[in-house]
Structure formats: C-alpha cells, structure tokens
Amino acid sequence: MSVRSWISERAGGCESAPITSPPSWSRAFGVALLLSFAICGVTGLGMSFVYAPSVASAWASVFYAEHMLAGGWLVRSLHKAAAEASIIFGVMALLLAVFEGRYRGRRDLAFWCRALVVLLAFGFCITGNPLRWDNRGYYGFQTETNIGAALPGGKMLVALVVGGGTLGNWTLARLYALHTLLLPLVAGSVVWLWAKTSRRAEGSVDGQPAAVLDRSNAQLSRDFVLALIVLVEIFVVAFAVRAPLESPADPIASYDARPEWYFQALYVLRNAVPPKMQALVAGGTPAVLGAIILALPFLGRGRELSSRQRAPHFALLAVPVVAFAALTWAGLHHDKTDPVLQKALASQDAVSHRALQIAKATGIPPAGALAMMRADPIFHGEDLYREHCASCHVLGDMGPADGKATGPKLDGWGTESWAMAMMDDPDHKDKFGLLPGFKGKMPSYTHEPSDPEEKKGWKPMPEEQRRSIAKWLAREGEENAPLDHDTDGYKLAKQRCSGCHLLRGDTDDPDDIAPELAGWGTTAWMRQQIADPGTNATYRPGSMSAQIEGHMPRFVEKIAPADLDLLARFVRFRARGLVSK
Amino acid sequence: MAEDASRRRMLTVLAGVSVAGLGAAAIPAARLAAAPASGASSESPWVPVAKLADLPDGAPTRVKVIADRIDGFTTDRQQPLGQVWLTRKGDQVTALSASCPHLGCTVDMSPDRTQFFCPCHASTFRFDGERTPGVPNKSLRSMDPIPVRVTQAKVVEVQWQRFTPGVEAREVVG
Numbered sequence: 001m002s003v004r005s006w007i008s009e010r011a012g013g014c015e016s017a018p019i020t021s022p023p024s025w026s027r028a029f030g031v032a033l034l035l036s037f038a039i040c041g042v043t044g045l046g047m048s049f050v051y052a053p054s055v056a057s058a059w060a061s062v063f064y065a066e067h068m069l070a071g072g073w074l075v076r077s078l079h080k081a082a083a084e085a086s087i088i089f090g091v092m093a094l095l096l097a098v099f100e101g102r103y104r105g106r107r108d109l110a111f112w113c114r115a116l117v118v119l120l121a122f123g124f125c126i127t128g129n130p131l132r133w134d135n136r137g138y139y140g141f142q143t144e145t146n147i148g149a150a151l152p153g154g155k156m157l158v159a160l161v162v163g164g165g166t167l168g169n170w171t172l173a174r175l176y177a178l179h180t181l182l183l184p185l186v187a188g189s190v191v192w193l194w195a196k197t198s199r200r201a202e203g204s205v206d207g208q209p210a211a212v213l214d215r216s217n218a219q220l221s222r223d224f225v226l227a228l229i230v231l232v233e234i235f236v237v238a239f240a241v242r243a244p245l246e247s248p249a250d251p252i253a254s255y256d257a258r259p260e261w262y263f264q265a266l267y268v269l270r271n272a273v274p275p276k277m278q279a280l281v282a283g284g285t286p287a288v289l290g291a292i293i294l295a296l297p298f299l300g301r302g303r304e305l306s307s308r309q310r311a312p313h314f315a316l317l318a319v320p321v322v323a324f325a326a327l328t329w330a331g332l333h334h335d336k337t338d339p340v341l342q343k344a345l346a347s348q349d350a351v352s353h354r355a356l357q358i359a360k361a362t363g364i365p366p367a368g369a370l371a372m373m374r375a376d377p378i379f380h381g382e383d384l385y386r387e388h389c390a391s392c393h394v395l396g397d398m399g400p401a402d403g404k405a406t407g408p409k410l411d412g413w414g415t416e417s418w419a420m421a422m423m424d425d426p427d428h429k430d431k432f433g434l435l436p437g438f439k440g441k442m443p444s445y446t447h448e449p450s451d452p453e454e455k456k457g458w459k460p461m462p463e464e465q466r467r468s469i470a471k472w473l474a475r476e477g478e479e480n481a482p483l484d485h486d487t488d489g490y491k492l493a494k495q496r497c498s499g500c501h502l503l504r505g506d507t508d509d510p511d512d513i514a515p516e517l518a519g520w521g522t523t524a525w526m527r528q529q530i531a532d533p534g535t536n537a538t539y540r541p542g543s544m545s546a547q548i549e550g551h552m553p554r555f556v557e558k559i560a561p562a563d564l565d566l567l568a569r570f571v572r573f574r575a576r577g578l579v580s581k
Numbered sequence: 001m002a003e004d005a006s007r008r009r010m011l012t013v014l015a016g017v018s019v020a021g022l023g024a025a026a027i028p029a030a031r032l033a034a035a036p037a038s039g040a041s042s043e044s045p046w047v048p049v050a051k052l053a054d055l056p057d058g059a060p061t062r063v064k065v066i067a068d069r070i071d072g073f074t075t076d077r078q079q080p081l082g083q084v085w086l087t088r089k090g091d092q093v094t095a096l097s098a099s100c101p102h103l104g105c106t107v108d109m110s111p112d113r114t115q116f117f118c119p120c121h122a123s124t125f126r127f128d129g130e131r132t133p134g135v136p137n138k139s140l141r142s143m144d145p146i147p148v149r150v151t152q153a154k155v156v157e158v159q160w161q162r163f164t165p166g167v168e169a170r171e172v173v174g
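Residue numbers (my numbering), protein chains in the order written: chain A, 1 to 581; chain B, 1 to 174.
Wrong hints could be hidden among the right ones.
Listed next, the in silico DSS-like pairs over lysine-lysine satisfying Cα-Cα at most 27 Å (straight line) [claimed, not checked]:
{"id": "1", "chain 1": "B", "residue 1": "89", "chain 2": "A", "residue 2": "404"}
{"id": "2", "chain 1": "A", "residue 1": "558", "chain 2": "B", "residue 2": "154"}
{"id": "3", "chain 1": "A", "residue 1": "404", "chain 2": "B", "residue 2": "51"}
{"id": "4", "chain 1": "A", "residue 1": "429", "chain 2": "A", "residue 2": "441"}
{"id": "5", "chain 1": "A", "residue 1": "409", "chain 2": "A", "residue 2": "360"}
{"id": "6", "chain 1": "A", "residue 1": "439", "chain 2": "A", "residue 2": "494"}
{"id": "7", "chain 1": "A", "residue 1": "558", "chain 2": "B", "residue 2": "89"}
No wet-lab data here; the hints were simulated from the structure.
Model the full structure from these sequences, guided by the hints.
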C-alpha cells in the first residue's frame, strides 16, 4: 500500500490532477521560499526550547545556546540564513510570477498570498532580531519602532508591540508571542490559502479542485533545482556568517545603530530627503510597493495579454526592486568605507568580545548580562574612567589630547620603569610637568639642580641604586607582596626617599606632601587615591590645600564604593597593560 | 423533516453557545494582551544627578540619571535610566536629554568640543540644544529640555522624561 493511498483511506478524497499550465520558475521559487520558511520553523522550534524572553534572561539564554550547547550556533545561523533567504527567494518568486503572468485571472489570490508571505518574512525578521537583546537588536528595533511611531496611526500599533513607551520586559514577552505564535499562525493560514487557491487555479477533476496536484516532470526538476540551491545557499551562509550576538542591550550605551541589510535601501532613501519628508519616505515607499502588488491583477483585467503587453506590469515591480537592490549595495558600500563608522564598529566589537569573554569566564548572574557587564572592571571600569578621570589623565587611547593633560599619564603606573622615569625626570610633561602645584616639588636623581644652593654637594644617584629602589617599589605594587620582600631595596628607599616621602607611615618631613610609597602600585593604593588623595595613605592632607594648584579632587562622594573598587582595578590593570580590551 | 429542523436548531444553538463562550474567553485575553500598552505613567520623581559645585561654568557635562527602573513585572533599584547634558551658568542649570530627538541615539560631544553631535545620522546641535544653524540636520526639532532644579543644598535634580523621536512636536512618552 502506497503512502498516498494509506492517507487517502484515512483522510478522505485524494484525487490528483495534472497541472495543465507549463512548467514555471516562479513556482519553483515559491517552493524555495516555503523551504526557507520550513527551515526557520524547525530551527526556531529548537531555539524556543532554550530561549527565555525577559530582559535579565534573553541575552543569557541566547549566549548559552550559541556558545555552550553543541551545535547551537549552527541552529541560530541556519535560522538567520533561512530567514534572509526567504526574503530574497520570496521577492524573486514574486517578480517571476509577474514575469510569467501568474498574477492574473484566477491566480490573483495566490499572487497576493505569495506577496503576503514575503511581507510576513519581513515581519519575522523585525520581531526576531531584538529577541536576542543585544545592542544591535535593541537599537535596531528602537529605530524601527521610532520610525513606525512617527507614521499616521503608528503610535498605537508600536505601543501595542512594545508594550508601552519603553523597550523592556513587556517588549520581549510580546515579540516572543508574535514571533513564535501569532506570525507562524498567520503565515500557516496564508500558505494554506495559497496552496488551496493554487490547486483551484492549476488543476481540476471534473470541474472540482484537485486535492493534490501532479507536477509534471519538467516542473519537478525546476522545483528540485531551486530547493537544492536554497538549501546550499542557507547552509553555506550559515557556516560563513554566524548569527550575531553583540554585547548585552544597554539602554544608555552610545551605540551607532545601523539597519540590517534588508532595510538599508529605506535607510539610504530616508537619509537622502529633507527631515520633514522622512516619515513620508519611510511609510510611503512600502505603501506604494504594496499598492502596486494589490493593483497588478486588476491591470487589463478580463483581457488576454501577451507577454509583451504584460511587460509594463513587470516593470512596475521590477524597477523598484532593482532600485532597492542598487540602494542597498550603495548603502552597504558607503558604510564599509566610512572611517568614523568603522571606528565605532571596532569599539562596539571590542565591547562584544569582552561580554563573551566574561560570560564564558564567570558565567552570567541571575540579574542578567547587563548586570554582569556593569560589574566588570574592564568594561565598566573604562566607562567610569572616561566619565571621571579622562578629562585630566591619559591612559591608553583615553584622556586629553597631547599637552592638554592636567594630571600624570597613567600608562605604566606602578611599574619599575615608571619609578625609574620619575627619579630621572619628575617634571616631564607625562609626570608633574603640566601640574603647577606639583612641578618642581620632587628633585631629579640624575639631573643637576639649577639652584646654586642645592647644587652644592649634589651627586647623581648611581643607576644600580635607582634600579634597586624602582624594583622594590614595583614589588610593593604587587598585590599581597610580603612585608619583607626585599629588605635591601626597602633600606635604600628608607635612606633615600623618606626624607620627603612617607614609608609605612614614617617620614622625616611631616609637612611635605610627598605620598606614601608602601603599597604604591596596588589596587588598594589607587582606590584610596581616587576616593580621597589627602589621608596620608597615599598623598598628605596638605596636597589638597587650595595653594596646591591642580591637585586631584576627592571622588569618595561621587563614585559608589563598588565602582571605586572597579575603577581602581581597571586603572591598575590597564596601566600595566595586563588586560587589553 | 421535523427531526432535521430540530437537529439544525440544536446545532445552531450549540454553535451560538460555543462562539459566545469563545468570545467570553477571548475578550479578557485580548484585554490582557493589550494591557501593558496602555499602562498609565505616573509623574516621574526628581532625581539628584550632580552637585552644583562639580559642574564647570559654561561647559556641558553629561550625567547619568540613576533611579529605580520599573520594567513591566520587575523593579530594578538604582539603575541608569538615561543621560542628560547639564550646562551651568552661575547658579542656573539647564538640562537637555542626551537622547537624540531624531531617532533616539545617544548625543555626544563633537570631537572639537564646540557643539553636540549625534553619531547615528551626524546631526549637530548647539550647546543650548538648538540645531546648529546652516548645517543640514536630520532632526525635526531641537534637543529636548528636561525639567531641572537646584535644591537649597546646591544639588542638581532632574525629572527624567523620554520624548517621541522623529516628530516635530515634543511629546512625552513612558
């Protein structure tokens, strides 16, 4: 018993009719479109078993699928590649249907169903992208909803989709419901209607629509070729371009948002017109395309049209599609060659890379991936540094332009070479040179003083002594260094430095402002220096007096204790080049 | 025949009862689905963002607005809600939302620090929030002012608000 007759026995009539129309490429592209949808469905179903739609869990669950579950990345990449293939093959199917004249007469409803499926493909992309809740998805969706809200009647629709005014938990819950329940239900119904109308249009048995259509061998071979092409395309793209997972969505990030490629043309068009026409372009362009698709079956209705007579109809759809493709290419090319954007993307990439690094190393707390990022000394430390320190101190690529700094450069702080450079030339522009209140306070151990009084009996400190002190200092800067780690170095520092400096609380000059050398270079020292530089634990109370021009401010009341810890760790790490971005 | 008629009547009643039941279940379900969209927003509280003494005179400073973030079914204590550019002139402070009125990207300082600059579509604004005159601008309105006050203790407080981007009129959302 064949499968068909087995089904026929149980599910009723299964009469088949041969397709009477000639073999068609647009039907084959339709098959490719449905196959892409099916791959989206299968991979999406798999992903829905590991995805958790809430602000705290969305990124974490996608990260888990992508990086922790075997083959998870392939499922995500296939899902994305198939979704994008459904747009490409769907548009092609639509174009070919018009080219072949398969939009007229009894085929109008099938044609509109086809167009509706392409529209749904866009709907799936719009509702699916933000689900991973990374910056790219978040800001892309924010831009889409902002554009949508500015259109007539768009505000209410956007509020319904977003779940209020701000993207958040409601948004994810609703997008998930739309993406995995409502849209598939609608898509399934439309595909069912499409199949039903195709049957009525293509073949009949005794005037009744056939339950099954027998495709001719010529049609089957075309279907097969297209199915093969779309499968190969989806798998090749999935392996070549992994589905993105950037850093967790941060509503206050400075993120340079760019549209996905399928919205690039609209983005270019929108940017090319004056501001007042932007909403018109954003809403009007898709509306015009929709109107063309709706109107096509009505053109020359009731008359037989030759393929030449149908050519203007084809042009109505083909010209906008080709223009869109050209604009897409132009937009992508422009972005690729825009140095400012590329720089922003590189820095966004670095943050994303860091997010994955921490998530893999420490795991993601229940509070979510953004909380994880905000507890990271490198990511959040840099944020804090830019906010509180970079207006005075240079560290790596952060800080004021050359010659504009009003605090020492922090690269190398806490290291032997930094201490050596300080003993050699404390008034160098990278040390105290640009600080009026500190310049000239520390003498050089290698350069003869200019003051004749000080010159008398002055001798440079031998290099091995300087080196020995610098080594001791660098060792002091190691976390948890034992007190007696280098007794010779300590003795030398005591002998040569404590005339001005504090050394484990002792100094010959209590009125000087020179800082404590014990623990210099540790996180604790740096934390204290940032919180309050004038406590004797680092610099002295005198260093904070109004007479010392350009002294460092206290941050203890401005930065939360946990952030102070992070910032101190960040400065120490980055100064030593220990952790790069 | 009579049997047929009564059978048809029964079927009609059955269908009617089923549809009514389905409707009775669907209406509250639809209301549930729509509820978060119409959530009434209460007036946002005043949030301290800086000390007056910490703001340089004339040069805008970007600060984070940190307050409780109520997101649907969760409340996150002391989270950044957004950013505000504060400009002090003597004892007076003005506040502008750092969210671009064009499409909501974060407005930065221009590299030469002479005006505000949005990286997404290269819109530029003067420090008073007006669109830089003579330069093409994608935004339909100037930057959005945020209610700001200085307390007796010389603390700068703002009332965080978000505005619909991309439209000419300034409308508060959320």
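Hint check:
1. B:89 with A:404: holds (24 Å)
2. A:558 with B:154: holds (15 Å)
3. A:404 with B:51: Roughly 25 Å between the alpha carbons, so the hint for residue 404 of chain A and residue 51 of chain B holds.
4. A:429 with A:441: With Cα atoms ~14 Å apart, residue 429 of chain A and residue 441 of chain A stay inside 27 Å; holds.
5. A:409 with A:360: violated (33 Å)
6. A:439 with A:494: holds (23 Å)
7. A:558 with B:89: holds (21 Å)
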